[in-house]
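A.B. asks: Residue numbers (our numbering): -7 to 91.
Please note that a few of the clues may not be correct.
Claimed, not checked - Ranges of calculated distance between the beta carbons of each label pair, as one might list FRET restraints:
#1 44 <-> 12: 12 to 20 angstroms
#2 25 <-> 0: 18 to 26 angstroms
#3 51 <-> 8: 16 to 24 angstroms
#4 -3 <-> 84: 40 to 48 angstroms
As the list claims (entries may be wrong) - Below are the DSBU-like pairs computed for lysine-lysine, each with C-alpha atoms no more than 30 angstroms apart in a straight line:
#5 22 <-> 33
#6 28 <-> 2
#7 20 <-> -4
#8 6 <-> 27
#9 50 <-> 12
#10 27 <-> 11
#11 28 <-> 11
#12 2 <-> 27
#13 2 <-> 20
#14 28 <-> 6
#15 33 <-> -4
#16 20 <-> 6
#17 11 <-> 22
#18 20 <-> 33
#19 -4 <-> 6
#20 22 <-> 2
#21 50 <-> 20
#22 28 <-> 12
#23 28 <-> 50
#24 22 <-> 12
#25 27 <-> 12
#26 50 <-> 27
#27 6 <-> 50
#28 22 <-> 50
#29 50 <-> 33
#30 2 <-> 12
#31 6 <-> 22
#32 11 <-> 50
Quick caveat, the hints were computed from the structure, so don't treat them as lab data.
Remember, it's a predicted structure, so these values are computed and weren't measured experimentally.
Built from N, CA and C at the ideal position, the CB exists for glycine as well.
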Amino acid sequence: MIKKTKGRQKREIKRIEYKKNCQIALTKRKDGLLKKANEIKSLCDAGVDLIIYSSSGKVYYYGDSSLKTIKMTLSNKQQPQGSNQFLGYIMEKMYRMDM
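Put together the whole structure using the sequences plus the hints.
C.D. replies: Have a look at this one:
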């Protein structure tokens, strides 16, 4: 039997070249991420904070905490080995954001 549809086949992930298509994809995927973050928050009774940086420089934020609280929490916690470079990048971006 020959499949007529792709079903749930794995799709190749590649960079979207056209800016308009890229923004459309960002909007759709951002909405999906926000939905999943809300599900995790509701189902697991967990604190969820989500920060998305777009290629155009826009910042999207979802969460319970204020950005100041997140900064303080991240800077005070002991980080595992290897995550310091990523944490530094996130902290630098957050400090540059207007509050």
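A.B. asks: Given the hint that residue 22 pairs with residue 2, test it: the Cα-Cα distance must not exceed 30 angstroms.
C.D. replies: It holds: about 20 angstroms lies between the C-alpha atoms, which stays within 30 angstroms.
A.B. asks: Mind checking the alpha carbons of residue 50 and residue 33 for me, to see if they're no more than 30 angstroms apart?
C.D. replies: Holds, at about 24 angstroms.
A.B. asks: Between residue 28 and residue 2, does the CA-CA distance stay at or below 30 angstroms?
C.D. replies: Within the cut-off at roughly 20 angstroms; holds.
A.B. asks: Within 30 angstroms, alpha carbon to alpha carbon, are residue 2 and residue 12?
C.D. replies: holds, 24 angstroms
A.B. asks: Is 18 to 26 angstroms respected by the C-beta to C-beta distance linking residue 25 and residue 0?
C.D. replies: holds, 19 angstroms
A.B. asks: Checking one constraint from the list: CA of residue 22 to CA of residue 12, max 30 angstroms. Satisfied?
C.D. replies: Measuring from Cα to Cα gives roughly 15 angstroms; hence the hint holds.
A.B. asks: With the threshold set at 30 angstroms, check whether the alpha-carbon distance from residue 11 to residue 22 stays at or below it.
C.D. replies: Distance ~16 angstroms between residue 11 and residue 22 Cα, so the pair holds.
A.B. asks: Given the hint that residue 50 pairs with residue 20, does the C-alpha gap stay at or below 30 angstroms?
C.D. replies: Satisfied, since the Cα-Cα distance of roughly 15 angstroms is no more than 30 angstroms.
A.B. asks: With the threshold set at 30 angstroms, check whether the alpha-carbon distance from residue 20 to residue 33 stays at or below it.
C.D. replies: holds, 20 angstroms
A.B. asks: Is residue 27 within 30 angstroms of residue 12, Cα to Cα?
C.D. replies: holds, 23 angstroms
A.B. asks: Quick one, are residue 11 and residue 50 close enough, alpha carbons at most 30 angstroms?
C.D. replies: It holds: about 14 angstroms lies between the C-alpha atoms, which stays within 30 angstroms.
A.B. asks: Below or equal to 30 angstroms on CA atoms is what counts here, so check residue 50 against residue 12.
C.D. replies: holds, 15 angstroms
The structure fails to meet hint 15 from the earlier list, while all remaining hints are met.
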